[in-house]
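2 protein chains.
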Amino acid sequence: MNITELAAKLDVAPSKLRYYEQIGLISASRQTNGNRNYDRQQSEQARRIILFRRAGVSIAELKQLFADNMDDDTALKMLAEAKERISAQMQQLDETMAFLEYKTQWHRAQRQKAVSPN
Amino acid sequence: MNITELAAKLDVAPSKLRYYEQIGLISASRQTNGNRNYDRQQSEQARRIILFRRAGVSIAELKQLFADNMDDDTALKMLAEAKERISAQMQQLDETMAFLEYKTQWHRAQRQKAVSPN
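If you're matching them up, the sequences are chains A and B in order. According to the UniProt record's numbering, the first sequence is numbered sequentially starting from 1. According to the UniProt record's numbering, the second sequence is numbered sequentially starting from 1.
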C-alpha cells in the first residue's frame with residue numbers, strides 16, 4: 001500500500017510517516033517509480049508506532065523500545081513506565097464510558113416516560 | 001481550589017478551564033478578590049469535560065451532552081457514537097498494552113539468560 005493509503009488508514013498525515021521513517025522508527029520499500037510501498041510488516045510497524053504515540057509514549061522511548069541492542073534493565077524500566085501511563089489512560093476511558101452509559105440509561109428512561117406517561 | 005491548582009491536577013492549561021467556563025461547560029465560584037474557586041462538584045465537572053475531550057468527544061457534543069433540554073433521541077444517538085469512539089480507543093490501548101507486555105517478557109527472559117548463561 002502507498003503512503004497516502006497507509007496515512008488514511010492510520011488517520012495521520014503522510015508527513016508523519018515520512019518523519020518516522022527518517023528517524024528510523026519505520027521503514028518502507030520503494031516502487032520502481034521511487035514511491036513508498038508498505039508491505040504488511042512495515043504497515044503493522046507503522047500502526048504500532050502511531051498507537052504508542054497516541055498512548056503518550058515519547059519518540060525517545062520508542063527509539064529505545066525498537067532498538068535491538070537496548071540494555072534490559074533500561075528497557076524494563078521504560079516499559080514499566082509506559083504501562084503505567086497506559087493503565088492510567090485506560091482507567092480514564094473506563095470512567096468516561098461509565099458516565100456515557102449512565103447518561104444513556106437516563107435518556108432511555110426519559111424517552112420511555114414520554115412514550116408511556118403513566 | 002483555585003484555577004492554578006485545578007489546572008495542575010487535570011494537567012491542562014488554566015486558559016482551557018477559562019474557555020470551558022466561557023462557553024458554559026463548567027462553572028466556578030469566586031473568592032472575595034474575584035479569583036476563581038472550584039468546589040468539589042465544579043472540579044468534578046471540569047475533570048469530566050477534560051476526560052471527554054481526551055476521549056475525542058467534540059465541544060459541540062459536550063454542549064449537547066450537558067444541556068438539560070436535549071432531545072432524547074438526539075442524545076442517545078450522540079452517546080452511542082461517543083461510546084463507539086471510546087471503545088475503539090480502549091481496543092487500541094489494549095493492543096498497545098499487550099505489545100508492551102510482550103516486550104517486557106522478552107527483556108525479562110534476556111536478563112535471565114545473562115544471569116545464568118547455561
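Honestly, the hints are just simulated from the structure, not real lab data. Possibly wrong hints are sitting among the right ones.
[As the list claims (entries may be wrong)] Cβ pair distances, simulated, as ranges:
{"#": "1", "chain 1": "B", "residue 1": "T4", "chain 2": "A", "residue 2": "Q105", "range": "44 to 54 Å"}
{"#": "2", "chain 1": "B", "residue 1": "N69", "chain 2": "A", "residue 2": "S58", "range": "37 to 47 Å"}
{"#": "3", "chain 1": "B", "residue 1": "G24", "chain 2": "A", "residue 2": "N2", "range": "43 to 53 Å"}
{"#": "4", "chain 1": "B", "residue 1": "A8", "chain 2": "A", "residue 2": "S87", "range": "41 to 51 Å"}
{"#": "5", "chain 1": "A", "residue 1": "R40", "chain 2": "B", "residue 2": "M1", "range": "30 to 40 Å"}
{"#": "6", "chain 1": "A", "residue 1": "D73", "chain 2": "B", "residue 2": "R18", "range": "19 to 29 Å"}
{"#": "7", "chain 1": "A", "residue 1": "A60", "chain 2": "B", "residue 2": "W106", "range": "14 to 24 Å"}
[To be verified] Within a straight-line C-alpha distance of at most 25 Å, the following computed BS3-like cross-link-like pairs (lysine-lysine) qualify:
{"#": "8", "chain 1": "B", "residue 1": "K63", "chain 2": "A", "residue 2": "K103"}
{"#": "9", "chain 1": "A", "residue 1": "K77", "chain 2": "B", "residue 2": "K77"}
{"#": "10", "chain 1": "A", "residue 1": "K83", "chain 2": "A", "residue 2": "K113"}
{"#": "11", "chain 1": "A", "residue 1": "K113", "chain 2": "B", "residue 2": "K103"}
{"#": "12", "chain 1": "B", "residue 1": "K63", "chain 2": "A", "residue 2": "K77"}
{"#": "13", "chain 1": "B", "residue 1": "K77", "chain 2": "B", "residue 2": "K63"}
All C-beta atoms in this analysis are idealised placements derived from N, C-alpha and C, irrespective of residue type, glycine included.
Tested hints:
For T4/B and Q105/A, the Cβ-Cβ distance of about 36 Å falls outside the hinted range of 44 to 54 Å, so the restraint is violated. Take N69/B and S58/A: their Cβ atoms lie about 44 Å apart, and the range 37 to 47 Å holds. Hint check: G24/B to N2/A, Cβ distance near 45 Å, so the stated range 43 to 53 Å holds. Checked against the given bound of 41 to 51 Å, the beta carbons of A8/B and S87/A, roughly 21 Å apart, lie outside it.
A beta carbon spacing of about 51 Å between R40/A and M1/B contradicts the range 30 to 40 Å that was offered as a hint. Remark: the range hint 19 to 29 Å for D73/A to R18/B is contradicted by a beta-carbon distance near 44 Å. Range check, A60/A to W106/B: about 20 Å between beta-carbon atoms, so the 14 to 24 Å window is met. A C-alpha spacing of about 14 Å is found between K63/B and K103/A, which places the hinted pair at or below 25 Å, so the restraint holds.
Note on K77/A and K77/B: the hinted pairing is violated, with a Cα-Cα distance of about 43 Å set against a maximum of 25 Å. At roughly 45 Å between alpha-carbon atoms, K83/A and K113/A are farther apart than 25 Å, so this suggested pair is violated. Proposed proximity of K113/A and K103/B is contradicted: the alpha carbons are some 52 Å apart, above 25 Å. For the hint pairing K63/B with K77/A, the CA-to-CA distance comes to about 41 Å; that exceeds 25 Å, so the pair is violated.
Using a Cα cut-off of 25 Å, the hinted pair K77/B and K63/B holds, with the two alpha carbons roughly 15 Å apart.
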